[in-house]
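There are 2 protein chains.
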Amino acid sequence: MATKTKSRARKAPAADKIVELAESVVALAGKKKDPTVDIPLRALSNAKYNKDRRIIEMGGKSQSRNFFNLSTAKSFMQTLLIASGCKRLIDDEKTVSIRGLYYLLKHTIPGTSEKTFNDQGESDPIIEDLEVAIGSLREELHVFADNRGSIAGNLTVTSRGDEIDLRRMGAGGYSIPSIVEPDVFTFRKCDAKFILHVEKGTVWSRFNEDKFWKKHNCILIHGGGQPPRGVRRLLYRMHNELKLPVYCLLDNDPWGFYIYSVIKQGSINLAFESNRMAIPDAKFIGVRSKDFEEFGLSDDVKIAVDDKDIKRANQILEYPWFKGKKEWEKEVALMLRHGFKMEVESLLTKSISFVTETYVPQRLKQRSWWLD
Amino acid sequence: MATKTKSRARKAPAADKIVELAESVVALAGKKKDPTVDIPLRALSNAKYNKDRRIIEMGGKSQSRNFFNLSTAKSFMQTLLIASGCKRLIDDEKTVSIRGLYYLLKHTIPGTSEKTFNDQGESDPIIEDLEVAIGSLREELHVFADNRGSIAGNLTVTSRGDEIDLRRMGAGGYSIPSIVEPDVFTFRKCDAKFILHVEKGTVWSRFNEDKFWKKHNCILIHGGGQPPRGVRRLLYRMHNELKLPVYCLLDNDPWGFYIYSVIKQGSINLAFESNRMAIPDAKFIGVRSKDFEEFGLSDDVKIAVDDKDIKRANQILEYPWFKGKKEWEKEVALMLRHGFKMEVESLLTKSISFVTETYVPQRLKQRSWWLD
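Residue numbers (our numbering), protein chains in the order written: chain A, 10 to 381; chain B, 10 to 381.
Please keep in mind that the hints were generated in silico from the structure rather than gathered at the bench.
Quick caveat, the model's predicted, so the values are computed rather than measured.
Misleading hints may appear alongside valid ones.
One copy or two, either will do: identical chains are not told apart, so a pair holds if it fits within one copy or between any two.
Quick list of in silico lysine-lysine cross-link-like pairs, DSS-like style, CA-CA up to 27 Å [to be verified]: (1) K103 <-> K124; (2) K359 <-> K83; (3) K41 <-> K359; (4) K103 <-> K26; (5) K299 <-> K335; (6) K320 <-> K60; (7) K198 <-> K374; (8) K359 <-> K103; (9) K374 <-> K103; (10) K124 <-> K317; (11) K96 <-> K359; (12) K124 <-> K359; (13) K41 <-> K83; (14) K299 <-> K374; (15) K223 <-> K103; (16) K224 <-> K103; (17) K42 <-> K26; (18) K42 <-> K374; (19) K83 <-> K311.
Turn these sequences into a full structure, and let the hints guide you.
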């Protein structure tokens with residue numbers, strides 16, 4: 010079947026890279042050298058902000074895992090085990106959850122009481138290690154996490170052969186799969202002019218009920234708080250392949266600021282993914298600290314900032330990708346001076362549909378994004 | 010428009026009951042009596058197990074909230090405020106989240122510094138109070154919570170005018186709306202013969218990827234752990250209106266047992282809803298404690314039970330709806346004797362698709378449900 014061949018061909022790279030990794034280990038053994046894999050370091054000390062590309066990137070530091078080394082022998086073996094498990098998944102054309110992969114590969118090493126993995130906390134980081142080591146995303150290794158986030162709007166997609174019209178999703182929306190790579194998730198007819206990303210499902214429902222995406226010809230999406238990888242990857246692909254700008258509507262608090270930052274520049278943890286997930290041109294349309302005065306909001310919207318908020322706000326300002334950015338510094342300073350934060354939902358104090366009928370349309374019209 | 014009239018007519022009851030409640034308060038005031046509302050008691054002491062109907066029901070105890078009583082004046086006022094807010098939502102044909110309703114109704118009482126609600130913790134229980142007081146579900150009052158849970162399978166539904174074919178949902182599934190009442194969510198063509206409810210999204214994805222619902226002609230649904238009201242109500246409606254049996258695949262732990270119990274008999278907290286949510290004929294198909302021996306599972310599936318598990322297990326056995334049920338007592342006792350619990354995902358230790366290709370088909374064929 011043509012489709013299968015095509016899909017296999019597309020999937021090949023990750024499987025090939027695993028084979029390559031395995032062959033390099035075998036080659037070392039053949040030469041009677043210590044079998045080794047090199048794993049790039051995933052830590053703040055190896056995360057760098059690329060000012061030209063405006064994304065967080067991974068530096069060049071790495072660590073090697075040797076077979077003949079008591080302190081790395083176990084993680085060496087675990088890395089090869091995860092690699093062989095992923096190869097099997099790719100060959101079988103199946104996917105499993107990160108918890109599933111843990112169970113799939115967990116066993117007792119014959120003749121010992123030693124487990125390959127004692128808990129999922131041991132296997133999860135190794136999956137990420139393998140991703141960086143061979144330069145393939147977890148999604149390409151056929152490993153998924155829980156679905157989170159929903160989407161609706163002027164777009165048709167296909168997923169596993171089904172054509173899905175995101176214009177006809179009723180009140181519920183389409184649940185965004187964890188894996189949205191091009192071989193299993195494609196875009197068809199798109200009439201939308203932009204993407205509106207909101208923080209939470211309840212806010213998404215407000216916009217969906219008010220038919221915002223229909224009136225404003227856009228795509229409406231949320232990530233259930235900090236968006237999971239599937240949602241970030243989908244945003245990235247829609248932004249780049251469909252050439253749609255991304256506007257983010259988030260809470261006015263350090264958590265909301267950080268969500269914006271991750272969508273825009275990527276995260277420290279997953280710096281190696283920024284290339285395929287970060288959207289430096291994403292725009293923050295609110296909620297802004299100055300909205301309190303500008304929209305004449307009442308005291309009822311105020312939620313007092315606590316010590317954790319203050320600490321987190323200062324931490325954020327210290328990140329190289331925020332440092333020296335006047336608009337950001339002003340924004341955070343005003344929130345701290347106010348002594349309160351505000352949720353998107355607090356705009357309901359004006360009226361039920363104030364956020365969909367007044368706030369966002371006005372912010373889109375003003376085109377003053379300022380939090381760049 | 011015919012549709013609108015029809016939908017209005019269906020919506021009328023909740024709005025009418027709110028008007029009735031308001032009129033009874035006005036009538037008391039007119040007679041110069043203390044304005045009062047009676048609220049049925051939502052507590053363990055007022056929850057009873059109905060052996061004939063096999064559901065948890067609410068007893069007859071209630072408390073009254075008087076206007077001229079320092080200790081109840083505030084909650085009296087809050088009750089009427091929530092009632093008037095819901096009436097406005099119904100009239101406007103809009104819905105809001107429970108957090109949204111809090112913001113919508115929060116204000117400072119003129120001439121005082123007193124807020125109508127200090128936080129959402131004050132408004133949420135009043136919504137439930139109003140539900141019981143007038144005998145209308147939250148969903149009929151136009152108030153929703155976060156969407157949770159997904160569905161796919163041999164069924165077509167309509168939601169807010171969109172026809173949605175749940176057979177064509179790709180990898181993601183349809184995100185189940187919080188409100189699935191008949192006026193906004195209806196069933197069309199159904200070919201399915203049963204409903205399989207699984208605990209978690211990642212397990213749902215395994216079954217969806219293996220096309221289980223297609224092969225076995227069923228509907229596949231999950232509730233993201235303890236299923237929210239929307240998922241429970243949808244299960245109830247599919248079970249009763251489409252005449253489909255409900256089979257539950259849950260973790261072998263006190264948490265999984267309790268999820269089953271809530272789907273089957275209802276919960277103490279929301280005893281007043283059992284009537285429209287509980288499914289006494291729901292069946293538990295696993296994971297059973299004896300599966301460890303029966304399916305020759307390895308030690309890798311074991312997760313040690315802790316003190317909390319033991320406490321919770323004993324608590325569950327004390328509930329009137331479990332007490333004296335031999336099969337349940339045996340099941341829980343075996344889990345405690347084993348000293349370990351098992352997740353559905355642990356069946357991956359056998360093979361990737363063991364759960365979809367062997368375990369569930371075999372359990373469905375055996376028809377030995379025993380945990381009734």
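Structure-based check of all given hints:
1. K103 <-> K124: Answer is within: at 25 Å inside a copy they meet the 27 Å cutoff, but 55 Å across does not.
2. K359 <-> K83: For K359 and K83, only the inter-copy Cα distance (24 Å) is at most 27 Å; the intra-copy one is 59 Å.
3. K41 <-> K359: neither (74 Å within a copy, 36 Å between copies)
4. K103 <-> K26: For K103 and K26, only the intra-copy Cα distance (18 Å) is at most 27 Å; the inter-copy one is 53 Å.
5. K299 <-> K335: within (15 Å within a copy, 64 Å between copies)
6. K320 <-> K60: within (25 Å within a copy, 55 Å between copies)
7. K198 <-> K374: Within one copy only: 26 Å inside a chain, 44 Å across chains, cut-off 27 Å.
8. K359 <-> K103: Answer is between; shortest inter-copy Cα gap is 15 Å, intra-copy 49 Å.
9. K374 <-> K103: Only across copies: K374 and K103 sit 26 Å apart there, 46 Å inside one copy, limit 27 Å.
10. K124 <-> K317: For K124 and K317, the Cα distance is within 27 Å only across copies (26 Å; inside one copy 39 Å).
11. K96 <-> K359: between (55 Å within a copy, 18 Å between copies)
12. K124 <-> K359: Between copies only: 16 Å across chains, 58 Å inside a chain, cut-off 27 Å.
13. K41 <-> K83: within (20 Å within a copy, 81 Å between copies)
14. K299 <-> K374: Within one copy only: 17 Å inside a chain, 63 Å across chains, cut-off 27 Å.
15. K223 <-> K103: Between copies only: 17 Å across, 36 Å inside.
16. K224 <-> K103: between (40 Å within a copy, 17 Å between copies)
17. K42 <-> K26: Cα proximity of K42 and K26: one copy only (21 Å, versus 82 Å across).
18. K42 <-> K374: neither (65 Å within a copy, 55 Å between copies)
19. K83 <-> K311: between (51 Å within a copy, 22 Å between copies)
Going through the hint list in order, the structure does not satisfy hints 3 and 18.
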